[in-house]
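K.L.:
Given two chains presented individually in distinct reference frames, assemble the corresponding complex, making use of the accompanying hints.
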Amino acid sequence: MTDTPQPQSVTEGAAEAFLAGGSLRHAQGPYFGAYGGRWMPESLIAALDELEDTFEKAKSDPEFLAQVAELNRTYSGRPSLLTEARRFAEHAGGVRVFLKREDLNHTGSHKINNVLGQALLAKRMGKTRVIAETGAGQHGVASATAAALLGLECVVYMGAEDCRRQALNVARMQLLGAEVIPVTNGSQTLKDAINDALRDWVANVQTTHYLLGTAAGAHPFPAMVRYFHEVIGEEAREQILSATGRLPDAVCACIGGGSNAIGIFHGFLDDREVALYGFEAGGDGVDTGRHAATITLGRPGVLHGARSYLMQDDDGQTIESHSISAGLDYPGVGPEHAFLADIGRASYEPITDAEAMEAFRLLCRTEGIIPAIESAHALAGALKVGQRLAAEPGDPAEKIIVVNLSGRGDKDVATAAEWFDLLPEDSAEAEIGAEGEQL
Amino acid sequence: MSTETLSKSAAAIERARAQGRTALVGYLPAGFPDVQTTIDAAVAMAENGVDLIEIGIPYSDPVMDGTVIQEATVEALRNGFTVRQIFDVVAGITSRTDAAVLVMTYWNPVMRMGVREFASRLAEAGGAGLITPDLIPDEAAEWLAVSDEFGLDRVFLVAPSSSPERMQSTVDATRGFVYAVSIMGITGARSSVSSAAREVVAAAHRAGAERACVGLGVSTAEHVREIGAYADGVIVGTALVAALRDGGVEAVAALAKDLSTGTPKG
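So the sequence lines, in the order shown, correspond to chains C and E. Following our numbering, the numbering of the first sequence begins with 1 at its first residue and continues without gaps. Following our numbering, the numbering of the second sequence begins with 440 at its first residue and continues without gaps.
If we strip away everything but chain E, and leave its shape as in the complex, we get (with noise of 0.2 Å):
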């Protein structure tokens, strides 16, 4: 893999970093309500000081979401979504926007299409990589291979029982950020975020990790602020769509904006 230039993610990250801030990563789902409105959310996010935008492609089985996701990508899904509509979504925020735009999805809509076709039209949608919740790097070779023949960012999972063995060979496999899971859980929005984070987070910077965002349970501009002493980047999902679901667009920029003040390194 080319260490020369930095991918998307990790430009975005160290653009943050330059500016003497914590990179701040939001996430929505594709098709939640519509396809317009995503991208019409996430181009408020990145104007409101997001850096990174995460869209997740709604999926009928998804075992690391929380209700309030679940119930979006339910309605998504019911709303028609389908995944082809993704590289919409991706090539409408790229076309808007200079955030770093990556895809949150479960496996097996991928390998559906097939990883080299969905490598190729997520490249050419502008979208900078893939974050993989249900794949770890076992069994992740094609994906592999595939993602540097793109230039495509894998953002892999690392979480408060890896193994010092896999904390390294995921860190290892990793291009752009390692996803630093908080707490043993799923996604949801937290009044508190859990002190293992910290711990996560150390580990995968001594196993070589330039670049680690926490997520799970983050959202408040406090949380963004406690994580931001420790990690490279935080990041929301759950508090951004339940903010879309009850306020839409504006609901969405004003806790972007808020968000965002938590972002400023102390």
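Just chain C, same shape as in the assembly (with noise of 0.2 Å):
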């Protein structure tokens, strides 16, 4: 794909703004240098008016902070972990490997920090309903958990086809009370479980909160998102300072819409000495046109009510995405990932399928954890920038390069079995896995 560059004057002035040493924390938007915005029906503008305000206040009131610490917690167990891999760091040039590890998290993974403070805050606007959408169900399942929480109904969108492969995440958010819709518009996948989320939106937007899962979509989603997920990276920083006395070199998480990685990404903005990766799915091969790898081959437009790097055709048409991992598989990203692409402070590299499978198993092996297939993603981009660390001057066993371990492996199962080829041609799970079901 060729692109004719779009014009970046707003990037630029904050890129300057950024090498002059400005910070680069706490970005509120709506705009991050050319990307973010609002590009959504007017109707939905007074809800999103409506909940920045909420928002704006509530990061401010100390109750609802108390009440977000509390719940992190007595209910999600935080502070989440930091554990050295020191037998994965083998492989990975001998440098130090740390662990962030969202997987311990209740519901197993990072969604449940967003979906909690988002539903705090739907019951603060007075909402009794909130929706979502999910692709594999994850953030399905943790929005659904939130909502039995605190008493709230739930709605769920989920692509008819993704409802069929992803059987019993459909039946976990049933048990947790909520109502799964499968959606069979357009391509049935991730993006139109949004689509339909939001015309769900559109009509009930008195009663109802659109809790998107991921740090995308119009302002004020993306940087409340940010925050809500900010808590990985204070408590990484705070971590492996407590641990090795110093700054790691390397920071690396899996870049779906992006709302792990910015979390983690969000402390060390600006230790500038710490360098950022982001590792987007990669999936068949970029050369394929089977993958979501965005910024990597991306090119700005608007989707979903931002304006980011996206994979469309040269019609501005939205070209469905491709990969193992259901949690990537998007053909967006946030719009505060583009910003950080386009002035440098992260870097974004795509990770073949192949390649996060061998990382999930060598994980597994290893240090005795089941990675989510999406967190293998930036296990498998830890393994190239430790090589790459290794071969730079200096004693690779003083590098140290942190991971965000964004979800466990549980519901990937299947999928893992099925991959490594461990099923019997009879059994029950191997037509389950051929399928695509993640347990």
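Keep in mind the hints are simulated off the structure, nothing from the lab. Any given hint could be a false lead.
[To be verified] Taking beta-carbon pairs under 7 Å as the criterion, some of the chain C residues facing chain E (in silico):
| # | residue |
| --- | --- |
| 1 | 43 |
| 2 | 302 |
| 3 | 316 |
| 4 | 418 |
[Claimed, not checked] Short derived list, chain C residues pointing at chain E, Cβ under 8 Å:
| # | residue |
| --- | --- |
| 5 | 15 |
| 6 | 37 |
| 7 | 38 |
| 8 | 39 |
| 9 | 45 |
| 10 | 191 |
| 11 | 198 |
| 12 | 202 |
| 13 | 205 |
| 14 | 290 |
| 15 | 315 |
| 16 | 318 |
Yeah, the Cβ is synthetic: ideal placement off N, Cα and C, and Gly gets one too.
P.N.:
Here you go:
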């Protein structure tokens, strides 16, 4: 794909401010350089204004902050651990590798940070119903969890094809009291689930909060979702300083919409000596057309309310993404990542399905931790970064990488068993795995 | 912006007003089922009482559209519609009728082509301007400048949820007419038109809009009559798309004719 460069003057201005020593932390939106904004129907602008206002007030309300902190501690299980992965690190050029254990949170991933925060805001706005989109079901399960905890009605939009492949996650959401609506429009994938959630929101905005699952969408969602995930980076920075007495050389995270990555990056944004790496889903390979490497190969455009990098054709039609990891299988990316990429503060690289699955198996066998396939993209990236660091001057054992282990892999066992051909031909699981079911 | 001469959309609405009628706006998506049928159906609408033609660009993620229009646009894309063909459609209609022809489009296809190039080609094809369901004036700096340069109408939407401040800024940014969304929802025929529409139109007029047209849910001559009592125009989409789907160009002509019986102001 070739691209005509779009006007980037705003980004250049922000880049200059950054180069002049300005802080990148706590960017409020609506714009991140040339990205972000509100490319939304007028009908929803009042709701976005109300949400922004509620969020801004909540951030300076000690009662709200105490509620979030209490839920983080007593419900999600925060702070999550920082675990040194010594045997895994032997494969990363011998540098030290630490895992930020978001997989140990309640519901098994970082997603809980955002859903609890947004569900609390929904209650503050007097809304009685939340809606959410989900791909594989992780954000849907997290949303259903928060809704159950806080007594909110919950409706989850999920592509019909995903519902079939993820029948157990559909059951999970139903067990938690949510209604799951299969989406049969368009390509029947995550982006179409977002479209249908937006259609629901337009019609029911008086009673309903749209609990968007990633740091994308219209303002204030990117800044707000990041805010609820900033705890990841803050904890990680404190923990690595306490464990090693210094900041890491690199921080690695996987990127779909980019919420776990922006959460951990945020803690290190102003530590210029810390390199930040986002690993996108390279699918079958970025030269095959079957991937979700939005920043690597996408072009600026608007989708779902924000201007950002986007997988689109020459007509501006969204191109379907492909990844073995449903959580990264999205043709857009959060606008703050687009900005960080343009100014060079963070680097974004693709990881293929095969590379991710090798790292997945390696972590299982060296550390006794089964990662989410999403997080395995960050692990595969860390192996590469570690080898690069080891090739530079200095003792590799003095170099440090922090990887955001954004989720656990229980949901991915059938996919992995199929990938590694671990299932007997005649087992029920083999049949399920062949259809991409994630247990 | 020039106020000496009326823009194409404004002129079409004022022509209807001078004849004692509510302006009738008819929507069809381009390329459904093919480009030639779109042109023929649009011309049939113009010959049967439709004052302004609204042609939609099929888009992969139409968040403001209900099932009928989505299915039509998916089929148009499946049949190979490309964005550049919109100019052929517009030119095909303007060469055969006097109706004002507006293009309804989500913003990404315009951004992809380049706002200026898009506007220049639309003007060249004889188009009146754009209706932009997911572009608010706050994000429209480039479009405001380019539409001035080419004398194109810019039809923004206002909704029951629009604050007085937003109503004012949107009306101020608009040229041609204000698109008053009748309900909080998406496109689709409904059995009755929400009473909220009357208030949205009144608020638009108070904010200085000379022309406000009501859309979403309008499907019968009775709706047209009812809305005509307070609005300057009515917009019919889904019902016409369903007619084209089920009965072809003839059915579109028949429905347009029937809808137009609701336009005389009582």
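K.L.:
Against which earlier hints does the structure fall short, listed by number upward?
P.N.:
Hints 4, 5 and 14 are the ones this structure does not satisfy, whereas the remaining hints hold.
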